[in-house]
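Student: Chains A and B, in that order, are what the protein sequence lines are.
Its first residue numbered 1, the first sequence is counted upward by one per residue in full-length UniProt numbering.
Its first residue numbered 1, the second sequence is counted upward by one per residue in full-length UniProt numbering.
In short, the hints are calculated from the structure, not lab data.
As the structure is a computational prediction, the values presented were derived from the model and not from experiment.
Beta carbons are placed, not taken as given, at the ideal position from N, Cα and C, and that holds for glycine.
Incorrect hints may appear among the rest.
[Unchecked claim] DEER-style ranges, computed between Cβ atoms: (1) B/Tyr243 to A/Tyr260: 31 to 39 Å; (2) B/Ala201 to A/Val345: 38 to 46 Å; (3) B/Glu40 to A/Leu257: 41 to 49 Å; (4) A/Thr36 to B/Val240: 51 to 59 Å.
[As the list claims (entries may be wrong)] Result set (SDA-like, lysine to any residue): computed pairs, CA atoms no more than 20 Å apart in a straight line: (5) B/Lys246 to A/Leu169; (6) B/Lys225 to A/Phe203; (7) A/Lys163 to B/Glu250; (8) A/Lys194 to B/Asp203; (9) B/Lys208 to A/Asn47; (10) B/Lys225 to A/Trp133; (11) B/Lys249 to A/Met166; (12) A/Lys332 to B/Asp117; (13) B/Lys39 to A/Gly334; (14) B/Lys249 to A/Gly228; (15) B/Lys39 to A/Ser121; (16) B/Lys125 to A/Thr341; (17) B/Lys246 to A/Pro167; (18) A/Lys194 to B/Ser213; (19) B/Lys87 to A/Gln111; (20) B/Lys208 to A/Gln335; (21) B/Lys125 to A/Val154; (22) A/Lys194 to B/Gln77; (23) A/Lys194 to A/Phe361; (24) B/Lys249 to A/Leu170; (25) A/Lys194 to B/Lys187; (26) A/Lys194 to B/Glu250; (27) B/Lys249 to A/Ser85.
[Said to hold, decoys possible] Partial list, derived from the structure: chain B residues whose beta carbon lies under 8 Å from chain A: (28) Gly106; (29) Cys107; (30) Ala113; (31) Asn210; (32) Ser215; (33) Tyr219; (34) Leu241.
Spelled out from the first residue to the last, the chains are:
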Amino acid sequence: MKNDFLPWRFTITKPRMMLLFLAAVSTAIIVFRLITGFGLVTNLNDNHPWGFWIAFDVLAGVALAGGGYSTALIVHILHQEQYISVARSALLTSLFGYILVMAGLFLDIGQWFNFWRPFVSWGHSSVLFEVFWCLSIYTTIQILEFGEIVTERVGVKFHAWMKKLMPILLIVGVIFPTLHQSSLGGLFLIAVYKLYPLWWSSFIPIFFLLSSFFVGPAMICVESIIAGRAFNHDISTSVLHGLAKISSCAMILYFVLKIYDLSERGILRLMFTGNIEGNIFLIEMIAGIILPVGIVFSKWGITKKGLLSYGLLVSGGVILNRLSIVFIGLSKPGQGSYLPTVWEVLTSLGLVAIGCLAYCFIVENFRIFADKDNKKIYLKNSA
Amino acid sequence: MTKGILVDIPKCIGCGSCTVACKLWNQVDFDDRYPSSGKEAVLSDKNWTIIVSCEVIDKESRPAWRFIKQQCLHCQQPACVSACFSKALQKNSDGAVVYYPHLCVGCRYCMVACPFDIPRYEWDKTFPLVTKCQMCSIRISQGEAPVCVMVCPTGAIEFDERDSLLKKAQAKMNKDSNYIRGIYGEKEVGGTGWLYISDIAFDQLGFKTNLGSDSLPIYSHNYLKYIPGIAVIWGMVLTVLYYYSKRKKELLTKNQELEDSSDNKQEKEVIREKSFETSKDKHN
Numbered sequence: 001m002k003n004d005f006l007p008w009r010f011t012i013t014k015p016r017m018m019l020l021f022l023a024a025v026s027t028a029i030i031v032f033r034l035i036t037g038f039g040l041v042t043n044l045n046d047n048h049p050w051g052f053w054i055a056f057d058v059l060a061g062v063a064l065a066g067g068g069y070s071t072a073l074i075v076h077i078l079h080q081e082q083y084i085s086v087a088r089s090a091l092l093t094s095l096f097g098y099i100l101v102m103a104g105l106f107l108d109i110g111q112w113f114n115f116w117r118p119f120v121s122w123g124h125s126s127v128l129f130e131v132f133w134c135l136s137i138y139t140t141i142q143i144l145e146f147g148e149i150v151t152e153r154v155g156v157k158f159h160a161w162m163k164k165l166m167p168i169l170l171i172v173g174v175i176f177p178t179l180h181q182s183s184l185g186g187l188f189l190i191a192v193y194k195l196y197p198l199w200w201s202s203f204i205p206i207f208f209l210l211s212s213f214f215v216g217p218a219m220i221c222v223e224s225i226i227a228g229r230a231f232n233h234d235i236s237t238s239v240l241h242g243l244a245k246i247s248s249c250a251m252i253l254y255f256v257l258k259i260y261d262l263s264e265r266g267i268l269r270l271m272f273t274g275n276i277e278g279n280i281f282l283i284e285m286i287a288g289i290i291l292p293v294g295i296v297f298s299k300w301g302i303t304k305k306g307l308l309s310y311g312l313l314v315s316g317g318v319i320l321n322r323l324s325i326v327f328i329g330l331s332k333p334g335q336g337s338y339l340p341t342v343w344e345v346l347t348s349l350g351l352v353a354i355g356c357l358a359y360c361f362i363v364e365n366f367r368i369f370a371d372k373d374n375k376k377i378y379l380k381n382s383a
Numbered sequence: 001m002t003k004g005i006l007v008d009i010p011k012c013i014g015c016g017s018c019t020v021a022c023k024l025w026n027q028v029d030f031d032d033r034y035p036s037s038g039k040e041a042v043l044s045d046k047n048w049t050i051i052v053s054c055e056v057i058d059k060e061s062r063p064a065w066r067f068i069k070q071q072c073l074h075c076q077q078p079a080c081v082s083a084c085f086s087k088a089l090q091k092n093s094d095g096a097v098v099y100y101p102h103l104c105v106g107c108r109y110c111m112v113a114c115p116f117d118i119p120r121y122e123w124d125k126t127f128p129l130v131t132k133c134q135m136c137s138i139r140i141s142q143g144e145a146p147v148c149v150m151v152c153p154t155g156a157i158e159f160d161e162r163d164s165l166l167k168k169a170q171a172k173m174n175k176d177s178n179y180i181r182g183i184y185g186e187k188e189v190g191g192t193g194w195l196y197i198s199d200i201a202f203d204q205l206g207f208k209t210n211l212g213s214d215s216l217p218i219y220s221h222n223y224l225k226y227i228p229g230i231a232v233i234w235g236m237v238l239t240v241l242y243y244y245s246k247r248k249k250e251l252l253t254k255n256q257e258l259e260d261s262s263d264n265k266q267e268k269e270v271i272r273e274k275s276f277e278t279s280k281d282k283h284n
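So here's chain B without its partners, still in its complex pose (with noise of 0.2 Å):
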């Protein structure tokens, strides 16, 4: 079944707790050039995951902190997965969307078709990789959370089935009524694994609200699935016309050979019947 991660975004208090862990189960170093937690933090070949605060206004008009976590979202129909050229990113079947480095090739169009701009690069290696994050797809296959779960002192994140996660959310927005209506991830370009619910418009936390519930591999996949049938018909096509045009111009060639000859036939012919008037001139 695909396992899911539900964010409850008021239950976060921001300590970043969930970023240290990520860094220490993925041995990844601390970043010196980006914070992976508070206002300037952002993702990068170190920072799988980071936690962003935001500055908004809540419910009842006064100046409020959320915290928002970012990592790759894990989608139901990833367009990594399918841009991937080499099957270096994919999908397992318990959700997680994982990457194996010696499959890659490192052309980046990854980081490119990511919806979400998730994927990073290691730009300053010899033979740079990309990263993102794995939901520790180790631990999840041994039955375990992921490691940012598992440490999140407030337990804002939780995992489980993401069926079970959706029902969660909703019953949660049921109950109480300053979650605003609807789940971010359920249905964005064909549904996430990463699931977050709000009291707070997602556009105002940095989110992509734009995205419809398309997946994205679709666009591929209607243009590559004409691809066999145009190049056989276009072959075809190809050699039918190499073969009338070349018969075209030999016929038109013979013809004209034809003629030429006709019309030297003819050029005699009137050169004989000069000469013959000539000579009958000469007798007379």
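One chain only, chain A, in its complex shape (with noise of 0.2 Å):
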């Protein structure tokens, strides 16, 4: 269905009708939720206050986001331009995420109409302060590197001037997520008697920032290839196996750092245990790590499916690591336990679903895939 009376575009489909109607059960919780506070709505207690939305909005979320800071390295920095296919793409998926992140937090702080009180009240002795204040200027430096696709097609005066930005948005642009993905580990250094030991470690903003930059290449081939199918842009296996084979280099770090830390500390043994605490580590490093990057360095690696499955895989075991992290390492033992309820679930769904949604307008309006017979369709559509 084609909008005839705006210039803009916008598709309604059946998938498209779920996630809308997913969007508005989520917007009705969080009016809910922001009227009533956390009693009602969360699963939330003195044992554990932080839950499902810290957890998978925040720390998975700007996790999975972390293809926009990896794609500009290696595709704007390090000039690697091979790769060049994936990135707008990526920087928009990059993009929403952030958003979305702002949105999660938001609606997990208690009192929020003082979200803006770190701006003025400085507490610079937090590790939560410095991924305060990174987060928002990274979100804000991303609308401006988005502001030169938009203005390609909105206020196109103003895109000679943004082009000339560009590097100096692309450099600060990776310096901040590089501090705040790490950052977002290091929140969990002071919290050294209250975390389980197999997540616990001083090397943790090290592996938030390696685990960051390696679940970005497996979003951007579970997204191309998702996308692909639904836009009928093709990305070439041989340009995703590329970016999967730099990230497995780091995830093999990750998993040898990882080793190397818990041998350090003498604690390797507590993987084996057979505790809940040491099964979900042992899924996390075996399905999360160990087997995508067996399947890229193998045969599977240059096909979809191959990729797909790495993809999801890799983007798998970071979410679990960042929930089991919050879930299970923060519980403290005789304390009882933490499951979210279907409302904090459903609201996290919704806000992912919004995400969507604004992906696919803004893909059908700007030019995002950036090949040759999707400008012709995009220059068709804008005329």
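Two chains, two frames, a set of hints: combine them into the complex.
Tutor: So, in structure tokens, the structure goes:
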């Protein structure tokens, strides 16, 4: 269905109706939560002050949105332009990722009208202070970076300006994510007696940074294979395989560092004690790291199916890692466990749905998939 | 000077007066869900201090009761204060760790950071706040003891300078061999304002005995101190990489173009020669 009144396109399909429905449900829950507090909507309690929203929306969300800065680094700063076909869609996913993270944070803070407070009342000894500033600055930078794409169609006279600004934006736009990706891990340094030792480590900032870097290409694989089907944008598997290989090297480094850290502290055996912490940790390592690295370096690594399963395994592994840190790692023995309510999960799914819808809208109206065929379609549409 | 409070555990009879006085002074409601004293006592947004009854075995191996007062321990180097990113938690020079609600964003990082799991949250309110013992900071600033100390009928809790309390505790332990050696709170996470002495091992009374003597804010600080340097160096590295790889790319493409054009020339010459030969052939 093409909208003839406005110069913008938005196709309505059945899956999109589903997403719209989810988005509506989520918005309703958010409004209800902001009016009534946490008690009715969430399972949060004094033993589990952080729950699904922090673990999924913020910790996993920021990591999964890491595709933006990792491609910016590979494509624009190292000028590996063979990967340029994914650069714009990676930036877009990352931008929406961060906007959703901000939304998730906003609904998770109790005094939400006070969200601006750290801008003026500087608790600079807190790692969260650094995360807060970096997130805010980086989201702004990404919006400016995206301005280069927007000005191709809207406010065209600013396009030359935006192009000139890009090198600075790109460099600053890699510094800040590097800092806050690691700082999200750094948040847990102070919880040295509370986070389960399999996850707590003095290296935890490096683990968070590395995992956000290697999950970037994995997300790009998932996104371009799925979006490729939907929008007939075929990215060559060799481009994706190249990115997956870079990511796999980071994964091997991550794995080696993890094992070194655990053996150095003499707690390798904690993995095999058969308790829930150990088992989840093993799943993370085997299904989230070893298996996908195996796939990439085997003959399946150059097939679409192989790349898709690599992408799903790695992103699943990172989500599992962030969730298990908050749900299981921070649980105190004998104080019960935390499982999110349906409402908490629905809210987050709805936020993701809003992100997907916005993604579809932008892809249909701006030149995201930078190849010639699409340019033609885009020009036809905008004409 | 830093104030402190010493709890002499064997002296406490578990009457719970302190928990009632706390509610009255701080104008906090009674909690219908959790009792503030007894076996089931739990800290909550309405119970800022509790008296927990513990059934233990005493030195003559007879069953006995001990009563443990729980509240914020007012660390010397508080993790919650360093974790708060909007300065809603601050440590006064007199030793009290005080919460300023108007600065609070409600992120609950203090609850994650606190090694003693003290801060609680008003989960049922629209605009919930963090709650915890404030050591009656207003009373202290006026030279009075916290209200729980004032009402204690047995003198089990004592308010004074922290240093002199440590000396007193040491003297008590030297005099009476029933006390176990060691003051809980003297060294834990860099020392706490509340100090405990006991005749029963602390781990049997529900105290966390695995906490080292390192102050926790150090862990964040040792990470954060590298951030500005890393940001600057990383920025310079990225800038160099950007221009280096750009230049390399440009040179590569230029070379390619040159090669391409020279290739073209050679091809043209070959064609010319060929056509010359064919024309010669024709002539022959």
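Student: With reference to the structure, classify each hint as holding or not holding.
Tutor: Status of each hint after checking the structure:
1. B/Tyr243 to A/Tyr260: 31 to 39 Å: Hint holds: Cβ distance 35 Å, inside 31 to 39 Å.
2. B/Ala201 to A/Val345: 38 to 46 Å: holds, 44 Å
3. B/Glu40 to A/Leu257: 41 to 49 Å: With Cβ atoms ~45 Å apart, the hint holds.
4. A/Thr36 to B/Val240: 51 to 59 Å: holds, 53 Å
5. B/Lys246 to A/Leu169: Satisfied, since the Cα-Cα distance of roughly 16 Å is no more than 20 Å.
6. B/Lys225 to A/Phe203: Distance of about 15 Å is within 20 Å: holds.
7. A/Lys163 to B/Glu250: Holds: A/Lys163 and B/Glu250 sit about 18 Å apart, inside 20 Å.
8. A/Lys194 to B/Asp203: Status holds; Cα separation ~17 Å.
9. B/Lys208 to A/Asn47: Given pair B/Lys208, A/Asn47 holds - Cα atoms ~16 Å apart, limit 20 Å.
10. B/Lys225 to A/Trp133: At roughly 16 Å apart (the allowed maximum being 20 Å), A/Trp133 and B/Lys225 satisfy the hint.
11. B/Lys249 to A/Met166: holds, 18 Å
12. A/Lys332 to B/Asp117: holds, 10 Å
13. B/Lys39 to A/Gly334: holds, 16 Å
14. B/Lys249 to A/Gly228: Not OK: B/Lys249 and A/Gly228 at ~29 Å, beyond 20 Å, violated.
15. B/Lys39 to A/Ser121: violated, 41 Å
16. B/Lys125 to A/Thr341: holds, 18 Å
17. B/Lys246 to A/Pro167: holds, 11 Å
18. A/Lys194 to B/Ser213: Satisfied, since the Cα-Cα distance of roughly 16 Å is no more than 20 Å.
19. B/Lys87 to A/Gln111: This hinted pair holds, its Cα atoms lying about 14 Å apart.
20. B/Lys208 to A/Gln335: Between B/Lys208 and A/Gln335 the Cα gap is close to 15 Å, so the pair holds against 20 Å.
21. B/Lys125 to A/Val154: Violated, at about 45 Å.
22. A/Lys194 to B/Gln77: Roughly 17 Å separates the two Cα atoms, so the pair holds.
23. A/Lys194 to A/Phe361: This hinted pair is violated, its Cα atoms lying about 44 Å apart.
24. B/Lys249 to A/Leu170: holds, 18 Å
25. A/Lys194 to B/Lys187: Holds - the C-alpha atoms of B/Lys187 and A/Lys194 are around 19 Å apart, at most 20 Å.
26. A/Lys194 to B/Glu250: Distance of about 53 Å is beyond 20 Å: violated.
27. B/Lys249 to A/Ser85: holds, 18 Å
28. Gly106: holds, 3 Å
29. Cys107: holds, 5 Å
30. Ala113: holds, 5 Å
31. Asn210: At 7 Å from the nearest chain A Cβ, B/Asn210 passes the 8 Å test, so the hint holds.
32. Ser215: violated, 10 Å
33. Tyr219: holds, 4 Å
34. Leu241: Result: holds, 6 Å to nearest chain A Cβ.
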